[in-house]
Amino acid sequence: MAHGHEDIRKHVRVYIGVFVVLMVLTVITVGVAQFHLPTPIAITVALFVAIIKGSLVALFFMHLSNERKAIYATLMLTVAFFVFLMAIPKFTEADNFGEKIHHAPPAAAEHPH
Amino acid sequence: MEEIPYTVETRADTGLNNVKLGIWLFLASEVMLFGALFSSYIILRTGAETWPLGATILNVPLATLNTVVLIGSSVTMVMSWASLKMDNFPKYRLYMGATVALAFVFLIVKYFEYTAKFEHGLWPRTNTFLAIYFTLTGLHGLHVIGGIIVNSYLLLPGAKMWKTQRERFTNRVEAAGLYWHFVDLVWIFLFPVLYLL
Numbered sequence: 007m008a009h010g011h012e013d014i015r016k017h018v019r020v021y022i023g024v025f026v027v028l029m030v031l032t033v034i035t036v037g038v039a040q041f042h043l044p045t046p047i048a049i050t051v052a053l054f055v056a057i058i059k060g061s062l063v064a065l066f067f068m069h070l071s072n073e074r075k076a077i078y079a080t081l082m083l084t085v086a087f088f089v090f091l092m093a094i095p096k097f098t099e100a101d102n103f104g105e106k107i108h109h110a111p112p113a114a115a116e117h118p119h
Numbered sequence: 003m004e005e006i007p008y009t010v011e012t013r014a015d016t017g018l019n020n021v022k023l024g025i026w027l028f029l030a031s032e033v034m035l036f037g038a039l040f041s042s043y044i045i046l047r048t049g050a051e052t053w054p055l056g057a058t059i060l061n062v063p064l065a066t067l068n069t070v071v072l073i074g075s076s077v078t079m080v081m082s083w084a085s086l087k088m089d090n091f092p093k094y095r096l097y098m099g100a101t102v103a104l105a106f107v108f109l110i111v112k113y114f115e116y117t118a119k120f121e122h123g124l125w126p127r128t129n130t131f132l133a134i135y136f137t138l139t140g141l142h143g144l145h146v147i148g149g150i151i152v153n154s155y156l157l158l159p160g161a162k163m164w165k166t167q168r169e170r171f172t173n174r175v176e177a178a179g180l181y182w183h184f185v186d187l188v189w190i191f192l193f194p195v196l197y198l199l
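Listed in order, the protein sequences are those of chains P and H.
Heads up, the final residue of the first sequence is numbered 119 in the numbering used here, and it's a clean run with no missing numbers.
Heads up, the final residue of the second sequence is numbered 199 in the numbering used here, and it's a clean run with no missing numbers.
So here's chain P without its partners, still in its complex pose:
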């Protein structure tokens, strides 16, 4: 894709703006963790902020806000498989993989000598 010098200057201003937002979001991530929220809420907030940060990097630094169809097609397939991967832990509830691990009692009695 052809970029004029003026276009690139505009890009540079956006990069600096995104950097500032990413720094603010990093402070928010660490700041929220100090409140020791209940785990489900803490996970939701932390992942929500991480998704915003990740999206900013992908959209602006990786130029996904303005990319060709072939890249989007590749990424849509990737996202589909990624979602499947993240769902695998849920599937394991169908067998005993997801059950709590209970430690066996001391085995001293089995070895009398």
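Heads up, some of the hints might be wrong.
[Said to hold, decoys possible] In silico DSBU-like pairs for lysine-lysine, Cα to Cα no more than 35 angstroms straight-line:
id, chain 1, residue 1, chain 2, residue 2
1, H, Lys112, P, Lys96
2, H, Lys162, P, Lys75
3, P, Lys16, H, Lys162
4, H, Lys165, H, Lys93
5, P, Lys75, H, Lys93
6, H, Lys165, P, Lys16
7, H, Lys119, P, Lys75
These are computed hints drawn from the structure, not numbers from a lab.
Keep in mind the model is a prediction, meaning the values are calculated, not measured.
Assemble chain H onto chain P, guided by the hints.
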């Protein structure tokens, strides 16, 4: 010797040069690699009787510093590409040099974090949390080393290409940048998941 096709010109069918499509396909495979480990993390965590809060074992201030360092290096990386687009090679050298330097800072901080754990007898074998922590951050660290190698090549010997094939060199820097931003993106998720939750 025959030239590699479509390093600069775009293919009619994809609308892209092969450099960009190639790096994105590689990144798609990387998403699956890290995705498999994140999925393993979820299984290990939900299957464990207890799970420690990362902050009670790990050093959050150092990890926060590393987050700032890595995001900063992403900015210098994209600025190095923008400098080439504006035909400013000295600035490219400056920004790419800063990217490599920041990557080294990240690794040095990680080295201090790891050695502090080892000194306290905390090893990957100690518990499941530390096993997945060292696996995820170790794999990420290897990616940082990979980035340092590629970016150092583009900073020093590989930069000769700028004199003869400017657009091709700029495309190489863009591809290396896409990889580097991905490394940054992975850390953006690793940091809260391992250290703060």
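- Message: Between the alpha carbons of Lys165 of chain H and Lys16 of chain P, is the straight-line distance 35 angstroms or under?
- Response: Holds: Lys165 of chain H and Lys16 of chain P sit about 26 angstroms apart, inside 35 angstroms.
- Are Lys75 of chain P and Lys93 of chain H close enough, with their CA atoms no more than 35 angstroms apart? Satisfied, since the Cα-Cα distance of roughly 32 angstroms is no more than 35 angstroms.
- Given the hinted pair Lys119 of chain H and Lys75 of chain P, is their alpha-carbon gap at most 35 angstroms? Between Lys119 of chain H and Lys75 of chain P the Cα gap is close to 46 angstroms, so the pair fails against 35 angstroms, i.e. violated.
- Item | Pairwise hint evaluation, Lys93 of chain H against Lys165 of chain H, where the allowed Cα distance is 35 angstroms at most | 15 angstroms, holds
- Query: Are the Cα atoms of Lys16 of chain P and Lys162 of chain H separated by 35 angstroms or less?
  - Reply: 28 angstroms, holds
- Message: Run the distance test for Lys112 of chain H versus Lys96 of chain P: straight-line Cα separation, threshold 35 angstroms.
- Response: Given pair Lys112 of chain H, Lys96 of chain P holds - Cα atoms ~33 angstroms apart, limit 35 angstroms.
- Query: Are Lys162 of chain H and Lys75 of chain P close enough, with their CA atoms no more than 35 angstroms apart?
  - Reply: 33 angstroms, holds
Checked against the numbered hints given earlier, the structure breaks only hint 7 and satisfies all the rest.
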